[in-house]
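Protein sequences appear in the order of chains A and B.
Going by the numbering used here, 298 is the number at position 298 of the first sequence; the sequence numbering is gapless.
Going by the numbering used here, 213 is the number at position 213 of the second sequence; the sequence numbering is gapless.
Mixed in with the good hints there might be a few duds.
Stated by the list, open to error - Which bits of chain A does chain B cover? Going by a derived footprint, with three or more residues having C-beta under 8 Å, they are:
hint	segment
1	46-58
2	95-102
3	106-119
4	258-264
Hints were generated in silico from the structure; no laboratory data involved.
All C-beta atoms, glycine included, are put in the ideal place defined by N, C-alpha and C.
2 protein chains.
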Amino acid sequence: MKHLSIGATFLLIAQVLLATLTYGAEQSPAAAQPPVIHPDRKITFTFRAPEARSVAVAGGDGLGVGPFPMTKNADGLWSVTTPPAVPGFHYYWFVLDGIQVNDPASETFFGYGKPTSGLDVPDPAGDFYSIKDVPHGEVRERTYFSKTTGAWRRALVYTPPDYDKNTKTRYPVLFLQHGAGENETGWTRQGRAQFILDNLIAVGKAKPMIVAMDRGYTTPNTPDIRQQNMQVAFSAFEKVIVDELIPTIDASYRTIPDRDQRAMAGLSMGGMQTLFIASHHLDKFAYIASLSGPMIRNDRMGERSQIDFTGPFDTKIAYNRMFADSAAFNQRVRLLWIGVGSAEPDMFLTSIGGAVEALESAGVKLVYFKSDGTAHEWQTWRRSLNDLAPRLFR
Amino acid sequence: MKHLSIGATFLLIAQVLLATLTYGAEQSPAAAQPPVIHPDRKITFTFRAPEARSVAVAGGDGLGVGPFPMTKNADGLWSVTTPPAVPGFHYYWFVLDGIQVNDPASETFFGYGKPTSGLDVPDPAGDFYSIKDVPHGEVRERTYFSKTTGAWRRALVYTPPDYDKNTKTRYPVLFLQHGAGENETGWTRQGRAQFILDNLIAVGKAKPMIVAMDRGYTTPNTPDIRQQNMQVAFSAFEKVIVDELIPTIDASYRTIPDRDQRAMAGLSMGGMQTLFIASHHLDKFAYIASLSGPMIRNDRMGERSQIDFTGPFDTKIAYNRMFADSAAFNQRVRLLWIGVGSAEPDMFLTSIGGAVEALESAGVKLVYFKSDGTAHEWQTWRRSLNDLAPRLFR
Numbered sequence: 001m002k003h004l005s006i007g008a009t010f011l012l013i014a015q016v017l018l019a020t021l022t023y024g025a026e027q028s029p030a031a032a033q034p035p036v037i038h039p040d041r042k043i044t045f046t047f048r049a050p051e052a053r054s055v056a057v058a059g060g061d062g063l064g065v066g067p068f069p070m071t072k073n074a075d076g077l078w079s080v081t082t083p084p085a086v087p088g089f090h091y092y093w094f095v096l097d098g099i100q101v102n103d104p105a106s107e108t109f110f111g112y113g114k115p116t117s118g119l120d121v122p123d124p125a126g127d128f129y130s131i132k133d134v135p136h137g138e139v140r141e142r143t144y145f146s147k148t149t150g151a152w153r154r155a156l157v158y159t160p161p162d163y164d165k166n167t168k169t170r171y172p173v174l175f176l177q178h179g180a181g182e183n184e185t186g187w188t189r190q191g192r193a194q195f196i197l198d199n200l201i202a203v204g205k206a207k208p209m210i211v212a213m214d215r216g217y218t219t220p221n222t223p224d225i226r227q228q229n230m231q232v233a234f235s236a237f238e239k240v241i242v243d244e245l246i247p248t249i250d251a252s253y254r255t256i257p258d259r260d261q262r263a264m265a266g267l268s269m270g271g272m273q274t275l276f277i278a279s280h281h282l283d284k285f286a287y288i289a290s291l292s293g294p295m296i297r298n299d300r301m302g303e304r305s306q307i308d309f310t311g312p313f314d315t316k317i318a319y320n321r322m323f324a325d326s327a328a329f330n331q332r333v334r335l336l337w338i339g340v341g342s343a344e345p346d347m348f349l350t351s352i353g354g355a356v357e358a359l360e361s362a363g364v365k366l367v368y369f370k371s372d373g374t375a376h377e378w379q380t381w382r383r384s385l386n387d388l389a390p391r392l393f394r
Numbered sequence: 001m002k003h004l005s006i007g008a009t010f011l012l013i014a015q016v017l018l019a020t021l022t023y024g025a026e027q028s029p030a031a032a033q034p035p036v037i038h039p040d041r042k043i044t045f046t047f048r049a050p051e052a053r054s055v056a057v058a059g060g061d062g063l064g065v066g067p068f069p070m071t072k073n074a075d076g077l078w079s080v081t082t083p084p085a086v087p088g089f090h091y092y093w094f095v096l097d098g099i100q101v102n103d104p105a106s107e108t109f110f111g112y113g114k115p116t117s118g119l120d121v122p123d124p125a126g127d128f129y130s131i132k133d134v135p136h137g138e139v140r141e142r143t144y145f146s147k148t149t150g151a152w153r154r155a156l157v158y159t160p161p162d163y164d165k166n167t168k169t170r171y172p173v174l175f176l177q178h179g180a181g182e183n184e185t186g187w188t189r190q191g192r193a194q195f196i197l198d199n200l201i202a203v204g205k206a207k208p209m210i211v212a213m214d215r216g217y218t219t220p221n222t223p224d225i226r227q228q229n230m231q232v233a234f235s236a237f238e239k240v241i242v243d244e245l246i247p248t249i250d251a252s253y254r255t256i257p258d259r260d261q262r263a264m265a266g267l268s269m270g271g272m273q274t275l276f277i278a279s280h281h282l283d284k285f286a287y288i289a290s291l292s293g294p295m296i297r298n299d300r301m302g303e304r305s306q307i308d309f310t311g312p313f314d315t316k317i318a319y320n321r322m323f324a325d326s327a328a329f330n331q332r333v334r335l336l337w338i339g340v341g342s343a344e345p346d347m348f349l350t351s352i353g354g355a356v357e358a359l360e361s362a363g364v365k366l367v368y369f370k371s372d373g374t375a376h377e378w379q380t381w382r383r384s385l386n387d388l389a390p391r392l393f394r
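Make a model of the complete structure from these sequences and hints.
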């Protein structure tokens with residue numbers, strides 16, 4: 001600095017400050033704007049791409065039936081207003097000259113095996129997952145080593161309000177799994193599970209509980225996200241949950257390490273994992289819930305290639321024969337909960353509805369929950385958790 | 001299901017299973033591949049865009065001097081191998097026909113005011129931030145309401161290993177801030193602060209401490225990320241930290257609520273915020289650290305428009321005159337720590353180096369840390385935290 005004139009120094013300092021304070025701004029497209037959600041739940045999407053030849057927006061279930069082609073104005077801004085969306089969280093992405101890209105103007109959420117743009121359409125009945133002025137629990141990142149996978153893993157653990165104050169209290173545990181292409185962040189980011197539980201616990205509707213959420217894959221958590229999330233290995237994941245995660249949670253938190261105080265639930269692929277794993281470990285779980293999880297007839301789910309497609313749901317052989325003796329099952333399992341969204345594709349409704357019918361005909365006690373008007377999407381699963389959690393550990 | 005033939009049912013079930021298990025795959029570009037980092041730290045980037053007319057890759061400091069134009073092969077796959085990168089974390093993005101897009105094959109990190117692709121170049125000396133077989137702390141999401149902003153906020157809180165087991169122990173607290181365009185996730189995702197602290201604590205080099213990380217902006221945490229992160233309001237953030245976050249942390253965790261057991265540090269914009277806030281609240285902080293934070297002469301930082309660009313660093317008036325009486329400052333402040341990367345742009349080196357020289361000439365005691373060969377980037381700040389943390393609360 002001593003070699004510079006005062007004037008040059010002033011300029012340098014001004015440059016430093018401007019550079020520092022606007023460090024984030026320089027890479028943001030100037031006119032990028034997140035989706036505008038109108039009161040009628042139509043959504044206006046915009047994307048600035050003056051050189052593009054075609055831009056469209058598409059999204060997950062519940063957003064609509066896109067892709068919706070967008071039109072360009074004189075400023076190079078593409079836009080479209082889509083038909084009314086279903087309330088709740090929706091993944092979306094732009095298709096720019098045939099390439100899927102995320103929205104530079106909104107947050108990403110892990111879905112479809114990669115970070116994917118998301119938006120949340122307000123729901124007049126969505127108070128149950130809003131952040132309210134009630135005591136809040138915490139979501140904790142727990143690092144642990146898995147011998148099964150030979151790698152470090154990260155579980156997310158919800159601890160209920162006042163967990164750190166009630167230092168003598170022990171709590172039941174819900175193991176809660178995401179769907180295919182998602183990861184351990186799904187339930188708290190897309191699902192808002194922590195706020196659903198805070199709100200239920202605040203009014204005494206749910207028992208205070210710990211919720212453990214892990215990544216439902218056993219491939220290494222490498223920077224190559226294709227490797228992380230595209231392989232399904234139910235047997236290896238079963239080992240992670242039963243031999244590693246349960247002991248880790250029991251050793252690290254004030255749990256009640258007893259099957260009557262332990263539940264497992266999951267959505268879609270996570271629902272299939274739940275039934276698969278629980279069917280081998282009824283000594284570990286007394287509460288079982290499958291949210292929009294296709295129901296399969298047999299127990300050959302250890303590897304994807306072994307899943308048996310050869311018959312309809314058969315209560316006598318499905319899931320390690322755990323339903324074969326319905327009276328014994330009803331006595332041993334305190335809750336079997338099965339849910340689906342009424343607007344899910346027929347194949348889900350048929351698979352799940354058919355299994356529920358077969359199970360009820362065979363005398364298996366269960367709760368069947370239908371989320372009205374929602375598809376294979378997070379709003380179905382937020383509502384599912386809101387119905388399920390109050391029934392646990394009673 | 002009863003209306004379907006057995007054959008049709010089989011097909012439906014097969015469809016359901018395949019759809020569910022590959023739910024994540026359908027949206028992934030088939031040949032997307034994350035960057036390949038070679039042993040010589042050259043990096044090969046690829047991006048599939050058969051219809052694009054030009055694709056380039058660019059990145060943050062430390063990646064190189066891009067954008068690097070990419071070339072297309074017959075399959076529509078663009079690629080380029082860039083010169084050796086500096087070890088450590090680097091933001092990067094593709095420029096596709098003039099539009100910045102993220103890499104569909106890797107994770108995003110919040111930087112530049114939006115989710116941005118990132119990669120981590122292995123560092124032979126990077127053991128200090130790797131996940132090791134040592135006791136691990138937790139990173140906790142703490143939800144709290146801010147009257148200053150009228151909105152809910154989320155702080156991330158590192159608690160040291162065995163925090164839940166040593167239920168009588170109280171801990172000092174470091175308040176640790178990210179840089180411009182980033183958010184509260186920066187220090188644990190890009191910075192790996194939790195592993196740096198785990199490793200230091202495991203060998204007794206750092207005292208077990210709590211680390212509180214908040215978003216350095218006071219705009220609402222809305223889906224519009226432009227609104228979240230592009231405004232700098234030091235005075236409002238000062239109120240959040242001092243009047244709201246410190247009391248929240250002291251009420252929620254077993255802290256030692258005393259200035260001698262409280263530190264504040266931040267990087268870049270966060271370093272400026274640290275000096276600004278600490279200079280008004282020496283009754284609250286005994287340890288102060290600015291990591292790559294430009295040093296300004298005066299105290300008119302309440303709003304960006306009021307920052308005074310009119311002179312060089314003046315120890316008599318800078319930062320609320322806290323350095324004016326160096327003997328008094330040295331007695332009151334247990335540590336003033338200032339750091340910079342040796343490869344940062346001249347304007348940072350000049351501003352920070354000039355201020356350090358002026359402060360030392362005026363008799364102010366400080367630690368000046370230079371990270372060798374790193375720029376205005378996370379590797380500088382990982383090393384900075386590794387140097388800083390052992391000096392705290394001694």
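Going down the list of hints, with the structure as the test:
1. 46-58: Since three or more residues must qualify, the claim that chain B covers the segment 46-58 of chain A holds, with 6 doing so at under 8 Å.
2. 95-102: holds (count 7)
3. 106-119: Coverage by chain B holds here, the residue count being 10 at a Cβ distance below 8 Å.
4. 258-264: violated (count 0)
Going down the numbered hints, you'll see the structure goes against just number 4.
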